[in-house]
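Participant: Each chain, letter by letter, is given below.
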Amino acid sequence: MFYREAGDFKSSYVEDGQTFPIRFDRYRYYAVLLVGFAVVPFLINDYWVNAVFLPFLIYSIAAIGLNILVGYCGQVSLGTGGFMAVGAYACYKLMTAFEGINVFFHVILSGGITAAVCVLFGLPSLRIKGFYLAVATLAAQFFLVWLFNRVPWFYNYSASGQISAPERTLFGIPVTGAETAPWAAYLFCLVFCVASAIIARNLTRGMAGRKWMAIRDMDIAAEIIGVNPLKAKLSAFAISGFFVGISGALFFSVYLGAVEVGEAFGINKSFLVLFMVIIGGLGSIFGSFAGAAFLVLLPVLLKNVLVGTLGWPTDLAAHLEFIIVGAMIVVFLIAEPHGLAQLWRVAKEKLRLWPFPH
Amino acid sequence: MPEQLIWGMEVFLNGLMAGVLYALVALGFVLIFKASGIFNYAQGVMALFAALTLVGIMEGQVPFSHLINAVLGTDIHHFGWHAPALLAILLTMVVMVALAWVVNKLIFRHLVNQEPIILFMATIGLAYFLEGFGDIMWGADIKKLDVGLPQGINSVIDELTYNIFDYGFFIDNLDLVATFVAALLVIALVIFAQYTKQGRAMRAVADDHQAALSVGISLNFIWVMVWSLAGFVALVAGIMWGTKSGVQFSLSLIALKALPVLMLGGFTSIPGAIVGGLVIGVGEKLFEFIIGAPYLGGATEIWFAYVLALLFLVFRPQGLFGEKIIERV
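Going down the list, the sequences are from chains A and B.
Reminder that position 71 of the first sequence reads as 1552 in our numbering, one-by-one numbering, no gaps.
Reminder that position 93 of the second sequence reads as 108 in our numbering, one-by-one numbering, no gaps.
By construction, these hints were calculated from the structure, which means they are not laboratory data.
Note that the coordinates shown come from a computational prediction; the quantities given were computed from them, not determined experimentally.
Built from N, CA and C at the ideal position, the CB exists for glycine as well.
There could be a bad hint or two in this list.
Quick list of simulated restraints, FRET-style, between CB atoms [said to hold, decoys possible]:
| # | chain 1 | residue 1 | chain 2 | residue 2 | range |
| --- | --- | --- | --- | --- | --- |
| 1 | B | L228 | A | F1767 | 47 to 55 Å |
| 2 | B | L268 | A | E1648 | 31 to 39 Å |
| 3 | A | Y1511 | B | H125 | 49 to 57 Å |
| 4 | B | Y310 | A | Y1511 | 53 to 61 Å |
| 5 | A | A1519 | B | Q225 | 52 to 60 Å |
| 6 | B | P286 | A | N1637 | 17 to 25 Å |
| 7 | B | N178 | A | L1607 | 48 to 56 Å |
The task is simple: from the sequences and hints, build the whole structure.
Facilitator: Now the structure itself:
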């Protein structure tokens, strides 16, 4: 009905190449931004921020990062947890070493450091492909977690081996540490999340993204038409690492506050983010958000229903959660291997013609 | 002979034994990968599930007792009988075959012709499912598994080495048994693959799905058979590891140990899995002994295998014995 391109004429190249060419999409996007920035901060409380919004935003950034690597460039990585740990520890070291600098820059810098580490572990991708590469990235996962566990310099020689975020402010308002207001933490993460999405979206539809996709579809053919595989693969690793590093930094400093590396950034985190990317849709920025939302909300929902409503013991509910998450993943892959993003695309096509499909 | 060298030899021998156990898990991966192109991440969880089922049957636990108790408010736990080990192993094998059938029927038949990454993700989903399912079925507490395998220090080797070096090597009886069983298993698998009708059909499927289909081989049957075989390997691995360190969640993590073994040996090679397992087992124990523990603060075993495999792959991307990767545009 209202989802129409008819009458939506473009009269300049800028208009023609914009991210949301359909007017309805564009207005919806503005509306979502408006609600996110201006309405939600006034409504949320501690529970909603910590159980839903912060994990959603932070995992979205990680999923965008991984989606660039896996979905756009076709390099399967199982080292996301390790790279998030790099972001977290870089952020911690920067926060404690340079107190005078704003925490905003610390987070961005830790993204940069993670990008460098990610490129280092991405180097073998020039020789190794497919599953061999996926398993090779596990080397990064285990080595990095071991490193942060064993070298005391990384956790400032603290007795517990944990790192905990000191209080830092932005415009005089604390955004990390115990005193943080829920809305401040939320807005801080939202800014990073929206910026990441915009950057990623524009990268992937520009020259860099086209090169990545050429490498993904067939790297030898891409090389023949003039895509430099070294640059394309390593730039994908770098940019993916940047986003994953930012999400790791936020995950540690804003969301958890104190982190034990094996627990917070173990192999399960790698799989979780990969699940988000695959369930959301490989090669889609919207899919990264959808996948993150799905896998953040599902356990919360299950816990509320099973423990809260039915009154089952928590351990039983936890096991049932494994079963349901596992089954959902399989069902999803069978029903729609291209993820939630594809469902959305199909729905959009249908809506365009509705209510006169012929 | 200097003490260090003798200790090093002991570490070497123990590494070999550990390597055999890694190879055992890797074998399950290779079987499924060769026959169906599926990289089965759930192999480790299958070993855990098999071990849990075995313990459950031996102890006469009521399956799903926690769930039943929570829903119906009853309080039941055991049937009150103890099954002999051999019977329990046979019953567990029946369960694993049923599992293989269900997995094929419900999951992988619907995913034919999908990309390998999608199949891989499906096996991770399966791993999650099985993990939760095993816990709900048999309970999540750590269980002791005892099927009558000998354990403890092997006195013959201890005495023998004491007479030669003045220092008795500590070699666990269980490791010796595991080595023996693994060797037996590999020989049996090779004979099965080379000399039986089903084995030949399996190799045909591994070679070319469509060609195999066109000469009348039932892909479904072969896949169920291969998954059952992998289930059997998982059961053996589950018994060995379960006896060694108890049946608990960490058992499923042996899959992660098997991955570098696979990379080193090549995903498609049974001898590769064995050699890779031995190299990794010896390599990580020796590295921990010589460099890891004295200089790097220990616990290097967790990543050494991966880094070794990674460095190795840079020079030989298809692994030691893997088929040469030929790329065409």
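Participant: Check the following: the C-beta atoms of Y1511(A) and H125(B) are separated by a distance inside 49 to 57 Å.
Facilitator: 40 Å Cβ-Cβ, so the 49 to 57 Å window is violated.
Participant: Indicate whether the distance between the beta carbons of N178(B) and L1607(A) respects the range 48 to 56 Å.
Facilitator: For L1607(A) against N178(B), whose Cβ atoms are near 54 Å apart, the range 48 to 56 Å holds.
Participant: Honestly, do L228(B) and F1767(A) meet the 47 to 55 Å range at C-beta?
Facilitator: 39 Å, violated
Participant: Determine whether the Cβ-Cβ distance between P286(B) and N1637(A) falls within the hinted range of 17 to 25 Å.
Facilitator: 49 Å, violated
Participant: Within 53 to 61 Å: is that where the Cβ-Cβ distance between Y310(B) and Y1511(A) falls?
Facilitator: 58 Å, holds
Participant: Taking the CB of L268(B) and the CB of E1648(A), does the distance hold inside 31 to 39 Å?
Facilitator: 37 Å, holds
Participant: Starting from the range 52 to 60 Å, see whether the pair A1519(A) and Q225(B) falls in it by beta-carbon distance.
Facilitator: 59 Å, holds
Violated hints, listed in ascending order, are 1, 3, 6; each of the other numbered hints is respected by the structure.
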